[in-house]
Structure formats: structure tokens, C-alpha cells
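Novice: Residue numbers (my numbering), protein chains in the order written: chain A, 66 to 677; chain B, 562 to 781.
Certain hints may be false.
To be verified - Stretch-level coverage of chain A by chain B, calculated; a stretch enters the list once three of its residues show a Cβ under 8 Å from a Cβ in chain B:
#1 225–231
#2 274–283
#3 359–373
Said to hold, decoys possible - Incomplete in silico selection of chain B near chain A, CB under 8 Å:
#4 Asp582
#5 Ile584
#6 Thr586
#7 Ala590
#8 Arg593
#9 Phe596
#10 Pro615
#11 Gly619
#12 Pro650
#13 Gly652
#14 Leu688
#15 Lys772
No wet-lab data here; the hints were simulated from the structure.
No experiment lies behind these values; they were computed from the predicted model shown.
Every residue gets a Cβ at the ideal spot worked out from N, C-alpha and C, and that includes glycine.
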Amino acid sequence: MINISDKILSAVEKPTRYTGGEMNSVKKDANSVITRFAFCFPDVYEIGMSHLGMKILYHLLNSLEDVSCERVFTPWPDMQEKMIEHHIPLFSLETKEEVSKFDFVGFTLQYEMSYSNILNMLDLAHIPFLSEERGEEDPFICVGGPCAYNSEMLADFYDFAMLGEGEEIICEVMEAHKAWKNSGKSKKEFLKTIAQIEGIYVPSFYDVTYFEDGRVKSIVPNVPEAKPKIKKRIIKDLDKVFYPDELVVPFGTIVHDRIMLEIFRGCIRGCRFCQAGYIYRPVRQKNADTLLSSAKNLIDSTGYEEMSLSSLSTSDYTHLEEFTEKLTEMTEREKVSLSLPSLRIDNFSIGLMQQVQKIRKSGLTFAPESGSQRLRDVINKGICEEDVVRSADLAFRGGWNNIKLYFMIGLPTETDEDVLAIATLARKVWKTYHEIPKDQRAKNLRITVSVSSFVPKPFTPFQWEKQDKTEEFERKQNLLKKELTDKQISFKWHDSKTSSLEGVFARSDRRLGKVLLAAYQYGCKFDSWDEYFRPDLWQKAFADCGIDPDFYNRRLRSDDEIFPWEHIDIGVSKKFFLSEKQNAYSEQVTPNCREKCAGCGATCFDGGVCYE
Amino acid sequence: MSKYRFCYAKEDGVKYVSHLDFIRTVERAMKRGHFPVAHSQGFNPHPSMAVAVPLSVGLTSKCEYMDIGFDEPMDNLEELKERFNAVLPEGFHILEIKDLEKEELAKFKFIDIGEYEIYVEYDGKTLPDIEKFMGQEEIVIPKRSKKGLSDVDIKPLIHEFYIKEQNDFSLIFFAKIAAGQVNLKPQLIITALCKYQPEFHGEFLSARRLKLISSEKVCF
């Protein structure tokens, strides 16, 4: 156990990031369990504590008798300085145990820009970076989460990945560990055992060869236990799977400081740029009764004053009206306010939001993603301009005056005309407001146009695409800046250097591991934080390793190229992605899963929307 | 509305929980416990709750007070205490509850004195001369306020100050000082001591509040 002195804690920002002891946190005696799992979120406490997946798996693992799970976040740089000065290794929040003493150190991969923090945390924990440098005494380093589907640039650092939804697979790994722990067998033997579990990927069991130009030539298992293709795991029946009745309630405020009630997984829509829309297929939803009972338990155990529904698209929940009627009855009785993100705006949802947000009307967000109809068809965003204008009209008449519009630039086939159409659409929304008589709308209109830069992701129809270069993103941002000058419209954009690097990481191969290591050693960490992001150091790392980042994000791949993630199977076929790519080029819209099955391949999971 | 005064302790594990975070913690605890807490009227109802003399972050206490209003009278205060402790995070602990209708206790705004133990680390060599320190005409230290740094004489705010315990490299001071409307943070006495007696190499570690006193009436 590590003792962090008052001198240190009183000298750092937000010391409760490091002290633990929050309501519903679980502290188990190390001697009472067989397996100790350090659940690491490679970002600061307030971000990591907002993540639903971690909450689920934390309570799930702690519900197992022989397992304890403790939380670890990246210490903020001020704390890191103190830890290094006082020789304090990275520790867990529950028992303040050194992370290197755990059996498993698991990182959740939620976004690419957190990768340098993984090395940062291993470093602080005094755990060797490379799996081949770690010995029998070191913990197993594992990863999971959406970015694990292609985490090849981390392949040299972790021992295994758990692909897909974690509730079942993590328990199977814990079972295997219990059998292995005192068996006297080597760590490699353990990895061979779990490599046979569906969804487990052990990168060291695969040899990757490359063509001279850097493209992947082959990915071949080098032990008989490794499967040629690793298929992701899903939970077939969400009504039967573990969902925590408790959530850790932090003392300080965190980003999402509320109860999160997950209503379904997956998305029926199939927007072609959206990785989440494919990797979580097929759509499976929870029964209203299951949800209501979860909601009640969570209100009782946390005392939270706010609850939010969680899914990729709330409106696609099939019995939303019935369900929300019962849920609002409960939340009103319990004095809990309800927030309803990702709702499509129609008469029903406006009425619902007016009911639940009696006090404050926070902003409403629309995501047309593109300004022009042509480009919306390319990306399969199944909405038209009239939808946006009608929704805005309803919202303004319903009393909202603050509307956010989300767009992307740099999408495949995009022209300057498409970019400028973003400004046109924003002005149409502006005009919609001003056409409503003054006594029927709220004062002080605010429209925020937020533009992010497109990052082609693996496991999408755009995985073959070339990404715009940084300068091109900036040129397009400037085009819009000149157009969006109205005082009531504010324009926000993402840093394009971050997007470019994200583009490189997203379609990484193993050769990028050394770049990551070099960049970390030059001082890169907290890359998703503007104040710490150092593109210059990344550039130096690429140059020193002799790797051209353009190879990863500035290249149109041919249909038959072998991807670095070719051995990973998310259940959606490459054939389907290719046909979707063609549909994008020919501006053909693909119907959503409930309208008509598009034959993506996810029927192989025997469940969900495919069999409704 | 029936009002009750809660006397509670704040221990080591939660001493970095700020005042505002503590209030939110209690509000959530009361929701977990389903207590019939009275709420303010208006658009954004808040539980009826007041805390006496907020404790600085990093300090512990064995006697904090908060008044909580309930919609109905609470008959069994011993049971209420136990139910409350069951829903509070470890480190916050209700010690006793009193009925404000039955006992006349000081209003929070009339609390003016606090007693503290102050924990200080030092080099184990030169002890401070407290008699000399307290015998000074004035004890001036720079104090940060909204207007910036200004010099303040804290002498009138110190009622009692002495070394209570002496160990190899640490000292425990006792301080009876102004608390409430006019408030002196216990760490500032140590700052002052080190300023006036540079031969004393002490460093403030933490402090524990022992008592809150009102010269008007008993607090509890």
C-alpha cells in the first residue's frame, strides 16, 4: 500500500482524483481474492469516471467472489511531477496498491489520442513497455473497448485484447486465470489457453509480413492455439446480462455526473463514416421492465439528481413513448431530472423534452453532418434539409433558442460547394427562427455550427479512403469562417492536426508502435488535451523512426489491399463494406436495419434486430 | 418544518472533499436514505440544509455542525443517526443529532471561535518560541483577498496558541482562534510563526478542528 502524504495532496489540483473512498466504490481485501484487476482509463479522473463501460465492468468484476477490480486513472501532470519527485509508483484508488502488483492491468481504448497515456501509465507504474520485455512476475497487460478492433500500433505493448462487449469474455478470462494462477505454468501457457476463447486476440501469436512499400502482405498465426480470424463478442440478450445496481458517486463533479441508463446497443442507421454504427451491430435493446427496475435501483443506490438515457440514437428505441411515460412518472416522483440525448426532433420528442426539462432549456443538438443533400446521401445520413428546418421550427416554437448543428468536413467526394452548403443550411435555420412571430419564440437566438474533420476509420465503408491533409481542412474551415459572420451564429471547429494524427492511429499497423514509444519518450502525453498536445514532437518521432504518416492517412487503398486489421472479424463483411463504398460513390442511400436488411453479415450473431 | 442540528466528524479519507462537494454528498446521501427532507420552494427546489463555518480543504474535524429541516418531526434521533451514517461515504460520520425546537442552540452566524490541533513537520532542531511569538505587539502576514495581497494583523484573532505535543520531527500545536464571520485559517499561524522565527523550520501538514464555539450560546 502506498501512502500519499498530505504535503503532496495539498499541493495538487483536485486531490480527490487520487483519494478514492467514493460512495459505492468497492474495496476488497487483497488476501480474500485470487485475481486482482487494475482497470485503467488512460485519461484524467473526471473523464474516465464518466465512462459507462468502465462502470459496468468494475461492478461486474467485483461481483465475482474471487476477483477484485480497482480503478486507475492517468494522474494529471501536476501529480505526476510529485509522484516522480517522491518515487511514488502508479497506484489504484481503492487499496492504493501499486499497479505493478496486480494480476491484470487492463486499459480501455476509447479514443486513439489516449494511446500515449497508456505508455505514460505503464511508465509511472514501473512496468516495462514491451510485452517481450516483461517477465513472469509482471502483470498481464490487456485492452478492450472500441479502438481495440484495430489497435495494431499497441500490439507490441499489450499481451491480449478482448474484442467486443466485455461482460461475458472478461469473466471467462477470470475463470481461466483462477485455474492457471497456482498451476506453475508460464504466462505464455495462459495466453495460449485464452487465445482459444472467442474474442481473445494475442498479437504475439501472429506474424505480420509487409510488402516493400509498407502494405501488409500477410497475417499468419504462429501457434496452433491462435485462430486465423478473431471474432468479436456480443451479448445476445441484454435483459439477462449484468447491469450494475450501483454506480460509484464521485465527490467532485465529473463530465457526465449522472445515472446512465443504457437502453440499447448498436445503431440501425448505418451512416458510412461512423465506426460505432458497424462495430456494435446488430442492434439489441433492453426491455422497458428491465430498464425501469435498473432505473429505480440506481436512483436508490446513488442519490443522483439526474439521469440520462444512453444509446447511439434514443429515438430508435422501439417502445420509446410507452417507456418514457413510465420512466418520467418515476423520475418526477423521485425528483430526478431526465436528459434525453440523441433524440430526433418531432412533435413527440419536443413534448417529452418540455415535460422533463421544466426548468432550464439547455441547447438542442442536430447532426446533419453535411450541408448538401448530395453529400448526405454519400454518407447515408438519412435526413433531408426539410427535416432539419422542420425540427428547428418545432424547437424554436417549443421555446428553445440555443441550437447546435454538427457537421463534418473532408468527407469522401466533398467539393467546396458541399462545404459552403453548411453555411447555407445554418442560415436557413437562422431564417426559420426569424420567420416565427416574436411572441411565439424565445429571445436571444444562438446557433452554434460545430465542424469536425473527417477521420476514415477501420470497419466502415470509408476504410479505404484518403484523408484530407491538415492544410486542406484549414482551408475549408476558413471558407466557412468567411461565410458564417452573423452574430447569432457561432462557428467552432476541431484542431485539424489532432484529426490528422487520429487518422494515422486509427488505421495503424504494428510499425507505428515504435513511433508511439519515441513520441512518449520525447514528452507526448494527454494528446487529447489542447494544452498538452505537441504535434511537433510527434512529427519528430515519425521522422526519427523513418515512418511517413501520409502512408496511413493520405493514401487511397485498393479494394484488395490486406488491412492491418484483416484478421479481426466484427461480423460485418468486407464485401458489404465494399458495396457500401460503391453506394456512397453513386450517392445511393441504404435503408436502415428495420426498413430492410442490407445483408451486412451481422445475422451471424443470431440475435437482435436481424431476427425481430 | 422540523429542524435538527447534526454534529458530525470529517476524517482523514475525505478531508480533501471541498465544502461544496460535501454539500452535494449529503444531498445525495439524503436521497439514498429517503429522508423526508424539507425542500425550498421555487423552480429549483433545494433541500433545507445549512453548514456552519465551512472547513478548509485538507482539514479534518471532530465537530462539524449542519442544520437540516424535515417535513415531519423525527421522533427517534438515535435511529435517524444510524440511518444517516449508513448512507454517508466512509469518513463522514454523524456523532449526534439534536432537536432545535427542544434545545436553544447558537445560530451559525454567531459562531466566532474555533479550536484546532495543528500538525507541523520540522527539522527536529530548533523549537519555536511561542511565548515570544504571542508576546508581540502585532503579527502581520500577507493575506490573499479578492483585492490581491494585503497585510493583515492576525494577533487579535489568536486567543490561545501553544505546543501540545512534541515528537522527533513533528509538533502538534493547539490553537484557539477566530472562526466564522471573521475567520483565521489555522495554517496561517504557522506561516506567521515561520516568518517571525526563521530559525524554526516548520511546515504545515494538516489540522483538525476540535470545537466550534459561540460566545453567545452553546452550539450543541
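Novice: Could you run down the list of hints and mark each one as holding or not?
Specialist: Verification of the hints:
| no. | hint | in the structure |
| --- | --- | --- |
| 1 | 225–231 | violated (count 0) |
| 2 | 274–283 | violated (count 0) |
| 3 | 359–373 | holds (count 7) |
| 4 | Asp582 | holds, 5 Å |
| 5 | Ile584 | violated, 11 Å |
| 6 | Thr586 | holds, 6 Å |
| 7 | Ala590 | holds, 6 Å |
| 8 | Arg593 | holds, 4 Å |
| 9 | Phe596 | violated, 11 Å |
| 10 | Pro615 | violated, 15 Å |
| 11 | Gly619 | holds, 5 Å |
| 12 | Pro650 | holds, 5 Å |
| 13 | Gly652 | holds, 6 Å |
| 14 | Leu688 | violated, 21 Å |
| 15 | Lys772 | violated, 22 Å |
In summary, the structure is inconsistent with hints 1, 2, 5, 9, 10, 14 and 15 from the numbered list given earlier, while agreeing with the others.
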